[in-house]
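Protein chains in written order, with our numbering: chain D, 47 to 307; chain L, 47 to 307.
Derived by calculation from the structure, the hints in this document are not laboratory data. Keep in mind it's a predicted model, so treat the numbers as computed, not measured.
If several chains are the same, the list does not tell them apart, and a pair holds so long as it fits within one copy or across any two.
With a straight-line Cα cutoff of 30 Å, these simulated BS3-like cross-link-like pairs (lysine-lysine) come out: (1) 289 with 255; (2) 191 with 112; (3) 289 with 256; (4) 289 with 261; (5) 112 with 261.
There are 2 protein chains.
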Amino acid sequence: MSDTDLAAPCVILNEPQLAENIGAVGRVMANFGLSDLRLVRPRDGWPQERAWASASGADWTLNDAKVFERLEDAIADLRLVYATTARPRETQLPVLTPREAAAELNAASAAGWPTGLLFGGERAGLETHDIALCHGIVTIPIDPKFRSLNLAQAVAINAYEWRQTVLDRPREAFAANVAPPADQASMAGLHAHLETELEAAGFFHPPDKKPSMVKNLRVALNRARLTEQEVRTFRGVVTALSKGRGRVLANLAAQKAERGG
Amino acid sequence: MSDTDLAAPCVILNEPQLAENIGAVGRVMANFGLSDLRLVRPRDGWPQERAWASASGADWTLNDAKVFERLEDAIADLRLVYATTARPRETQLPVLTPREAAAELNAASAAGWPTGLLFGGERAGLETHDIALCHGIVTIPIDPKFRSLNLAQAVAINAYEWRQTVLDRPREAFAANVAPPADQASMAGLHAHLETELEAAGFFHPPDKKPSMVKNLRVALNRARLTEQEVRTFRGVVTALSKGRGRVLANLAAQKAERGG
Chain D
47 MSDTDLAAPC
57 VILNEPQLAE
67 NIGAVGRVMA
77 NFGLSDLRLV
87 RPRDGWPQER
97 AWASASGADW
107 TLNDAKVFER
117 LEDAIADLRL
127 VYATTARPRE
137 TQLPVLTPRE
147 AAAELNAASA
157 AGWPTGLLFG
167 GERAGLETHD
177 IALCHGIVTI
187 PIDPKFRSLN
197 LAQAVAINAY
207 EWRQTVLDRP
217 REAFAANVAP
227 PADQASMAGL
237 HAHLETELEA
247 AGFFHPPDKK
257 PSMVKNLRVA
267 LNRARLTEQE
277 VRTFRGVVTA
287 LSKGRGRVLA
297 NLAAQKAERG
307 G
Chain L
47 MSDTDLAAPC
57 VILNEPQLAE
67 NIGAVGRVMA
77 NFGLSDLRLV
87 RPRDGWPQER
97 AWASASGADW
107 TLNDAKVFER
117 LEDAIADLRL
127 VYATTARPRE
137 TQLPVLTPRE
147 AAAELNAASA
157 AGWPTGLLFG
167 GERAGLETHD
177 IALCHGIVTI
187 PIDPKFRSLN
197 LAQAVAINAY
207 EWRQTVLDRP
217 REAFAANVAP
227 PADQASMAGL
237 HAHLETELEA
247 AGFFHPPDKK
257 PSMVKNLRVA
267 LNRARLTEQE
277 VRTFRGVVTA
287 LSKGRGRVLA
297 NLAAQKAERG
307 G
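Chain D on its own, in the form it takes in the complex (with noise of 0.2 Å):
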C-alpha cells in the first residue's frame, strides 16, 4: 500500500474505546503508507459505523484491520514492536523518541522483518505487562503541563517519523516544481535598469550616498533569488512606473516646439 517500497510496520491498538478514534487512526495510517492495523479487544467490539464515518475514505485500513483477544497474539509474527506511552515507564527497556524509533524500525524492515507500534487505549495507556512484551518504549516529547495526547495523533507522529525517515531527502523531488534563479547577468540587467531610471528620477542623494544605496537594493534583490521570468516581471514594473517621466519630458519637449514653432 505504501509507495515506499518498504513494508511499514503495523499499528497495534490495545483496547481501544472510540470508534471514531480507530477510524481516525486508519485515516492517518492512510496519510502515512501505513496500511496493516490490529485492534485487541476493542471496547465496543468490531466493526463499527462510526469508525468508517471517521476515516474519510481510508476504508482499506478499516476493511483488512484483525481483531484479537490477546496482545500476544496480535504481535506474535514480528521482530520489533516498540510501546508509544506519554511518559517513560520504569521499566530497563530503551526509551526512544519517535524519531530514533523510526530509523530502528526502518532499519528492521530494509532486512525484512516485520515490526509494529503498540499503543493503549484512550484512557488507560498500556499496563506495564503489555509493555513488556515489546523491545522498547516510544515517548513523543509532550510538555508536562498538559499531557493528554489523542491516539490518533499519537499514531500520526510515529507515522509521520516513520515515513520521513523512509523518504530518501523529499525536498529534491519538490525542487523539480522550482524554476530555477535567474543568472547574474540577468540581475546585472535589472540591477543596472532599476538604477538608472532611479538616477533619472533623482533618488539618488546626497550623490555621495549613491553607491550604499545602489548596494543596498542590489542585495535585497539578490536575497530574493528572483528567475528568469520574474526578472522580467520586475523590469516591466520598472518601465511601468517610469514611464510617466519619459511622457512628461516628451510632451514638454512637444508643447514647446509648438509654442516655439
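Use these hints to put chain L onto chain D, whose structure you have.
Same frame as chain D, but now just chain L:
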C-alpha cells in the same frame, strides 16, 4: 505557556469549518507547548461550545483565541510565517519539510521574532493569494495515494517538530548582525503602494490577469525577507519612479488651464 523558554509560533486557521477540529487543534497545541491560536472567518462563528468539548481540557488555547476578519490582520505582527499545504503549489516560495520549518521558526523565536504557522480550512486548504502572504511553504510528506490529512493532525506534526527542535538544540542565537525582517503589516503597505502605482500606470493588463500578477509580485518580494529599512527604501523607489506620472498630470492640467483660461 511553554516549558521551553522560547516563544512558540502562533497557529492561524484560515476559514476553519468544524468547531470540533478547532478544539482538537487547541488540544494538540497544548500538547506541544503552543498557545497562541488565531481564527480567520471561522465558518460557524466563534465561540463554539463543541470546540471546548473536543479540547479535552486544553481550554486556555481556546479561551485566548483571537478572531480576525482578514488574514492580513491575523498575521500583521509576525516576522516569519509559513503556509502549510498538502502538496507543493506552483509558487516560487521555498518549500520546507516540517522539520526544516521548525528549525527556521526556532531560530527566529530565539532572535525574538514573532512567528506563525498558517493552515487552510478543511475542504479548500489555502488559496494561492493566502500563500503569497507567507515566507515559505511547509509540506508534510504525505503518501500521494491518500492526501486527506485531518487539520489537527497537520497542526500536530508541525507543533511536534517545533517542540522536538527546541528540545534538541538549546538556542543558538540567529545571526546577531542580521536585522529582523519587516513585519507583515509593513510588507502589506509596500505591496499596496506598489500595486496602486502599477494600477495607475496601466501595468495590469489584461485586467483578468491582475490577481496572478499581484500574487507573483508579492511572492517575489516576500522571498527577499526585507527589513523595515529595506521596506522604506523600496517605498522610496516606488515613489521616485512614479512621481513623473504625477508631474505629467499636474503639468498637463496646468497647461490645459493656461490654454483654456
